[in-house]
Amino acid sequence: MTALATAGTQPAHRPSVISGFFPIIRGLIFAVVGFAIGAAVAAGIRVATGAPAWAPTQTSSVGTIPSTEQIVTVGFIFAVPAWLLGVGFLETTVRQWFGYRTRPVVTDWRRYLTASEDHKVIGLQYLATFVVVLLVAGLGAMTMRIQLMQPDNQFLTPDIYNRVMSFHGIAMVSVAVAAVMGSFGNYFVPIMIGARDMAFPRLNALSFWLIPVVIVSLFLSELLGGWDSGWTAYPPLSVRNASGQVMFNLAIIVFGLSSILGGINFIVTTIKMRAPGMTWGRVPIFVWSVLSAAFIASFFTQFFAASLTMVLLDRLVGTNFFIGQGGAPLLYEHTFWFYSHPAVYIFVLPGFGMALEVLAHLSRKPLFAYRWAVAGFIGIVGMSGIVWAHHMFVSGMPSALLGPFLVTTELISIPTGLIFLSALGTVWMGRLWLTTPMLFALGFTFNFLIGGVTGIFLADVPTDVSLHDTYFVVAHFHYTIIGGEIFALFAAFYFWFPKMTGRMLSERLGKIHFWMMFIFFNLTFLPMFWAGLHGMNRRIATYQNDLAQVNLFISINAFLLGSSFIFFVFNVLRALLWKKAPRAEANPWRARTLEWLVSSPPPVENFPSTPIVVGSPYGYGTGGRPHAVFALAGASDEEVTA
Amino acid sequence: MRRHIAIVGLIWVVLTFLGLIAAQIVFQPAVFSDKGQIIDSTFKTLLIMSVPVFTFVIAALGYSVIAFRHRGQPDEDGTPITGRGPLPLAWFVVTSAMALGVMVYPGLTELPNVVHLDAQPDVVVRIQGQQWRWSLSYPQSGAKSNTEMVLPVNQKIGFEITSIDVIHSVWIPAFRMRIDAVPGLTTYMSFTPTATGDYSTDSGLRLQCSQLCGLNHAAMELPVRVVSEADYQTWLAANGGGQSGGGSGGGQPVSVEASTGAASAGFATKTLNATSGQPITFTFHNNDQGIVHNFALTANGKTYATDFKPGPAVTTVDVPALPPGTYSFVCQAHPTTMTGTLTVK
Amino acid sequence: MTTMPLVAEEHALQADTHVEGHAAHHEEEHDRPGINRMGLWLFMASESCLFIAMAAARFYLAGTTKGEVNLALGLLLTVILLGSSWLGYQATGAIKVGNRRKAIAALLLASLLGVVFIAGVGVEWSTAAFGKDLVPPASPQATPFGTAFFAMTGLHVLHLFTGLVGLLLVTNLLRKGQFGPGDYWGVTAIVRYWTFVDVMWLVVVFPVLYLL
Ligand code: HEA
Ligand code: HEA
Ligand code: CUA
Ligand SMILES: [Cu+2]
Chain W
1 MTALATAGTQ PAHRPSVISG FFPIIRGLIF AVVGFAIGAA VAAGIRVATG
51 APAWAPTQTS SVGTIPSTEQ IVTVGFIFAV PAWLLGVGFL ETTVRQWFGY
101 RTRPVVTDWR RYLTASEDHK VIGLQYLATF VVVLLVAGLG AMTMRIQLMQ
151 PDNQFLTPDI YNRVMSFHGI AMVSVAVAAV MGSFGNYFVP IMIGARDMAF
201 PRLNALSFWL IPVVIVSLFL SELLGGWDSG WTAYPPLSVR NASGQVMFNL
251 AIIVFGLSSI LGGINFIVTT IKMRAPGMTW GRVPIFVWSV LSAAFIASFF
301 TQFFAASLTM VLLDRLVGTN FFIGQGGAPL LYEHTFWFYS HPAVYIFVLP
351 GFGMALEVLA HLSRKPLFAY RWAVAGFIGI VGMSGIVWAH HMFVSGMPSA
401 LLGPFLVTTE LISIPTGLIF LSALGTVWMG RLWLTTPMLF ALGFTFNFLI
451 GGVTGIFLAD VPTDVSLHDT YFVVAHFHYT IIGGEIFALF AAFYFWFPKM
501 TGRMLSERLG KIHFWMMFIF FNLTFLPMFW AGLHGMNRRI ATYQNDLAQV
551 NLFISINAFL LGSSFIFFVF NVLRALLWKK APRAEANPWR ARTLEWLVSS
601 PPPVENFPST PIVVGSPYGY GTGGRPHAVF ALAGASDEEV TA
Chain Y
643 MRRHIAIVGL IWVVLTFLGL IAAQIVFQPA VFSDKGQIID STFKTLLIMS
693 VPVFTFVIAA LGYSVIAFRH RGQPDEDGTP ITGRGPLPLA WFVVTSAMAL
743 GVMVYPGLTE LPNVVHLDAQ PDVVVRIQGQ QWRWSLSYPQ SGAKSNTEMV
793 LPVNQKIGFE ITSIDVIHSV WIPAFRMRID AVPGLTTYMS FTPTATGDYS
843 TDSGLRLQCS QLCGLNHAAM ELPVRVVSEA DYQTWLAANG GGQSGGGSGG
893 GQPVSVEAST GAASAGFATK TLNATSGQPI TFTFHNNDQG IVHNFALTAN
943 GKTYATDFKP GPAVTTVDVP ALPPGTYSFV CQAHPTTMTG TLTVK
Chain F
988 MTTMPLVAEE HALQADTHVE GHAAHHEEEH DRPGINRMGL WLFMASESCL
1038 FIAMAAARFY LAGTTKGEVN LALGLLLTVI LLGSSWLGYQ ATGAIKVGNR
1088 RKAIAALLLA SLLGVVFIAG VGVEWSTAAF GKDLVPPASP QATPFGTAFF
1138 AMTGLHVLHL FTGLVGLLLV TNLLRKGQFG PGDYWGVTAI VRYWTFVDVM
1188 WLVVVFPVLY LL
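Protein chains in written order, with my numbering: chain W, 1 to 642; chain Y, 643 to 987; chain F, 988 to 1199.
Be a bit skeptical, because a hint or two may be false.
Said to hold, decoys possible - With a cut-off of at most 30 Å between alpha-carbon atoms, the simulated BS3-like pairs for lysine-lysine come out as follows:
hint: 1; chain 1: Y; residue 1: Lys786; chain 2: Y; residue 2: Lys944
hint: 2; chain 1: Y; residue 1: Lys786; chain 2: Y; residue 2: Lys798
hint: 3; chain 1: F; residue 1: Lys1053; chain 2: Y; residue 2: Lys951
hint: 4; chain 1: F; residue 1: Lys1083; chain 2: W; residue 2: Lys272
hint: 5; chain 1: W; residue 1: Lys511; chain 2: W; residue 2: Lys580
hint: 6; chain 1: Y; residue 1: Lys786; chain 2: Y; residue 2: Lys686
Stated by the list, open to error - Some chain W residues close to chain Y (C-beta under 10 Å, calculated; not the full set):
hint: 7; residue: Ser16
hint: 8; residue: Trp97
hint: 9; residue: Ser363
hint: 10; residue: Gly417
hint: 11; residue: Phe420
hint: 12; residue: Phe457
hint: 13; residue: Asp460
hint: 14; residue: Leu467
hint: 15; residue: Thr470
hint: 16; residue: Val474
hint: 17; residue: Gly623
Claimed, not checked - Simulated coverage check for chain F against chain W, where a stretch passes if three residues somewhere in it have a Cβ under 8 Å from a Cβ of chain W:
hint: 18; stretch: 1021–1034
hint: 19; stretch: 1040–1052
hint: 20; stretch: 1127–1140
Note that these hints are calculated values from the structure, not bench results. Ideal Cβ placement from N, Cα and C applies to all residues, glycine included.
One chain only, chain W, in its complex shape (with noise of 0.2 Å):
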């Protein structure tokens, strides 16, 4: 990102590209210094209770508990405060605390690499790191898929294979549930507002800066073993297999504590944040979508962080929730979903808002249905929090519950669907300007709707009897997540990128890119809804013999899949490192929204003076008044309109 431009003054002299990364230097230093003091506190207070300091293993009623774990554990708890303080979060505070001299806070791109506390620079933190994910998570489906080309391959053994694919499975979903909203929403979610930051930037920064402690640990965690249960991570299984497995637990753990964080962030800033006259009718979509997203995030995340921490205990400390007698393995498995289900529509909440908000601009006309769709995402997140046990038709639950969570599932499909109106009803007679972001969005409608249809096969008890944990499975959530929210993550990355850097992106390149991902998405995902009817199950390094046509279509189709990332990647440098790049004006889609009526990119502070909403933010067609004003600094009886 260093090609950024800047909007603040230029500092005398040119900082070198060392200096740079002084902060993210000094994270690590003190993040490693911090595990060691918390290494020995554990090894100490082993030593107090009468333990040795340090062995290989140890009995309990669990069978055995290496000392390891519970060291590394004390460790880590340790590090990530330290790392947060060395990356120069709270800096100013602890630095006046402790009587030393304050430094003043970086402005030119160094900013992007310390704990800045400026939304815009938040959001651009969270768009590059996510990205970086998307694509390794990525590479680590093209191995999968390398392996699956044959049945009996050899390129990967089964240990290797399962923790390839858990790896790829929970990266995705820390994509899926933070690279929208921490990016776009942070960035996109107070300018459209008309704020000039998030309610608590502090909070926003440390939501961040847990972030690369939660992607390092995970990849560390491949020191100890890695894991081997998927993203599920379902006990008995992570309660035995490799230690790395509790790397995995403490990571997520420190994820969800920052998606729970970004999302009360988001729900104080909208409600109380919003500028004059902004009412909750002229709201734009995708604030309405990443407000619901934030009321999930922040109330069920707590669940998935119960059941980690339960299997901690049960791993460091000889507690029986899962194993034993009297242990319930099911337990988890509710609480567990009683979180991933809801989670699903944290990843598409805010997917359905950018998409909505490119098809209403790029159609040039009125957001179809607005209270309805706003309705919809109501309705969905009153409703997620009931229908979790779709995912256990098969577990061995009590066979009472199996018809209410068919019911309410299949219920779950009407807010949806409302989503739907919208999105037809907007581009129906618009004036469809096919760039690449409303190619995208288009795509994510297609796409979406054979997910969610699919999904109503799986809601099916039934059906779901027959389907669960097979190719069907996996392909109705690569259509529901990538077909869906991936899509209209580029859709939103397409359209919001000009505005976020002042540089066009290739228009040529970009299309390129999203025919080749439709058409590839498509030809990967379908075939695995045949091979889950014909027996491919999940997570399998190998498989029957006469899926291999099947499979080594999928392949191939996956690798041209991913490699129309690489048009991506090239069309970004591209377009931030190229000396020539096209600039982008103010408003290059003449979008109506607030973001679109300050210069790309937004000053700092977002606006000259605060704005004055005065209509509806989707007012095509109508001719009527403007989305908002700005009274002049200085000249108030001047106003400009947009």
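Starting from the structure of chain W, add chains Y and F with the ligands where the hints point.
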């Protein structure tokens, strides 16, 4: 406006027609059980019901893209339809009705037909999962197997399923049926196989673990064979069936023990003695709290093993009369550390 | 999940951040106290979900069976916590009218009661003997009730501990002369969090483990 709607309507009808034809393609491989047939027909019903929903969206979306697209940047705005009024309400009502419809039929109507359990199955099969193999026992006859699952055709089979370590899942694709094997819980499933066949001709006839259970999850499978009643009886007899009730056949008693720490220290009784020419009943006392062990003796090219159970537990296994000699036994959960020898004189 | 009442800190430590200048605007434009209050409430609502999850786990594992806990000690601990909260509110009341010394004293006493509470839980932990009657005896934390008991009280003590750290930080700030009649959000926030932790004990942990 009228014209647009008419065209979309037409496209919808045509696409739906084509879709319904496509839905007639048989998507599933051969099915071998009564409930499997219900499941397949439910799938088909859902497929047919989803066609009009799917084609409606495609028709409206596709038509809009083609008819309303604009070369380059549009110079004017679209028709400002905001979607107030009765249309959204109508959509809401229609989709709600559809959702309720699909919920009632096929959902709730077929649900009991698929998950109900036969109170009086003709054949009971106990399946025990463990990392990474299946062991089967047929309590009515005493037969045991961990190399294949054999079922008689056209008889009601009742399964009782457990696991001794992590969660596994019993899935036989050709029967379309599945239920998890959960440690500490017994789960049930029942259905009737409707055709004979075996794994070598149809790969769907396999007992596949379908819940991620660690390293060899992918390989945790067992061939399944559906046979005639007569073949089934023969198979039972050849696999230890017939001594009704299984267990303690009254041979000469030999006691084996594992105590705390056996996983590294080995059996408490490392050498055993027995007399030749008489059947032997081994009683294995696992006193190792919470840890799974068993006793497995290899003789005459066969393995005689007790069930895996976490201690404290007592399990038995019957072995036919053996010729004099020394035989080795192991705990199959700890085959490298827990070994011993049996001397038959 | 955790525990440090960061939302509260946001303001408690505020004086220092605004060196960066740009944040200063918000104050004028928005209802900063309202924002802080809402953030704190949401945070507490979210944390209570964690306790609810644990309580659900307790019933799932142990049904309605009751462990052999020391009810008298439990009641005593409850009273201690209530007293501590009450002291917290005295502190808020005091700083509102500018009585710094009383505020400091009340907060210190409240923290002291917190420490006593933690010690009390320690006693309960060391005497808990669930599972001793089982054959063969199981370690206390391995029984279903014991699992829930240690997890829930542990979670609660963890929250209490972070609250304690917060109380001491704020007391220290008070001592240094921060906060006053017009600006006492930091004190309110930490006291509210402290009360929240007490309420969790009162309505979740205590009834679920001691009374049922
Ligand atoms: C973005 C993520 C996302 C979304 C939005 C959804 C949406 C839905 N999902 Fe999906 N799902 C996942 C991600 C997602 N899912 C994942 C990741 C898993 C696997 C987890 C794992 O095991 O690893 C999964 C698994 C999963 C299962 C468990 C399968 C199994 O393991 O056996 C089920 C079962 O009910 C299910 C159902 C549904 C339903 C009914 C919806 C509905 O919300 C869909 C509603 C949408 C529509 C129906 C289409 C539009 C509506 C209309 C056009 C109106 C008219 C339609 C009707 C009246 C029907 N999903
Ligand atoms: C956001 C969510 C997301 C996304 C985007 C994807 C993307 C992909 N996924 Fe995955 N997937 C999941 C979420 C996701 N997945 C989840 C949750 C699971 C379940 C795990 C579990 O069971 O626990 C899963 C499981 C899963 C499986 C099943 C594994 C199994 O059960 O054994 C498969 C199999 O084919 C698969 C394939 C793919 C493929 C081919 C892609 C492709 O779309 C990937 C496209 C390729 C790229 C994005 C890479 C491009 C890279 C480059 C061009 C190089 C440049 C890179 C750098 C410079 C670093 N995924
Ligand atoms: Cu056993 Cu998977
Ligand atoms: Cu779900």
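Structure-based check of each hint:
For the hint linking Lys786 of chain Y to Lys944 of chain Y, the alpha-carbon distance of about 12 Å falls within 30 Å, and the restraint holds. A distance of roughly 19 Å separates the Cα atoms of Lys786 of chain Y and Lys798 of chain Y; the hinted pair therefore holds under the 30 Å criterion. In summary, the hint linking Lys1053 of chain F to Lys951 of chain Y is supported, as the alpha carbons are separated by about 29 Å, within the 30 Å threshold. Among the hinted pairs, Lys1083 of chain F with Lys272 of chain W is consistent with the structure: their alpha-carbon atoms are about 25 Å apart, no more than 30 Å.
Annotation: proposed proximity of Lys511 of chain W to Lys580 of chain W holds, straight-line Cα distance about 21 Å (limit 30 Å). Straight-line distance between C-alpha atoms of Lys786 of chain Y and Lys686 of chain Y comes to about 38 Å, which puts the hinted pair past the 30 Å bound. With its C-beta approaching chain Y no nearer than about 43 Å, Ser16 of chain W sits outside the 10 Å limit, and its interface hint is violated. At its closest, the beta carbon of Trp97 of chain W sits 48 Å from a beta carbon of chain Y; the interface hint therefore is violated under the 10 Å criterion.
With a least beta-carbon distance of about 6 Å to chain Y, the hint placing Ser363 of chain W at the interface is held under the 10 Å criterion. The beta carbon of Gly417 of chain W is positioned within 10 Å of a beta carbon in chain Y (closest approach about 4 Å), and the interface hint is therefore held. Satisfaction of the interface hint for Phe420 of chain W is found here, the shortest Cβ-Cβ separation to chain Y being roughly 6 Å, below the 10 Å cut-off. For Phe457 of chain W, the interface hint holds, the least distance from its beta-carbon to any beta-carbon of chain Y being 5 Å, beneath 10 Å.
Satisfaction of the interface hint for Asp460 of chain W is found here, the shortest Cβ-Cβ separation to chain Y being roughly 5 Å, below the 10 Å cut-off. Given hint, Leu467 of chain W at the interface with chain Y, holds; its Cβ is 8 Å from that chain's nearest Cβ, closer than 10 Å. The beta carbon of Thr470 of chain W is positioned within 10 Å of a beta carbon in chain Y (closest approach about 7 Å), and the interface hint is therefore held. For the restraint placing Val474 of chain W at the interface with chain Y, the shortest Cβ-Cβ distance is roughly 12 Å, beyond the 10 Å limit, so the hint is violated.
With 10 Å as the threshold, the beta carbon of Gly623 of chain W comes within range of chain Y, its nearest partner Cβ sitting at about 8 Å, so the hint holds. Counting residues of the stretch 1021–1034 of chain F whose C-beta lies closer than 8 Å to any C-beta of chain W gives 9; at least three are required, and the coverage claim holds. Under the rule that three or more residues need a Cβ within less than 8 Å of chain W, the assignment of the stretch 1040–1052 of chain F holds, with 7 such residues. Beta-carbon proximity to chain W at under 8 Å applies to 8 residues in the stretch 1127–1140 of chain F; the threshold of 3 is reached and the given coverage holds.
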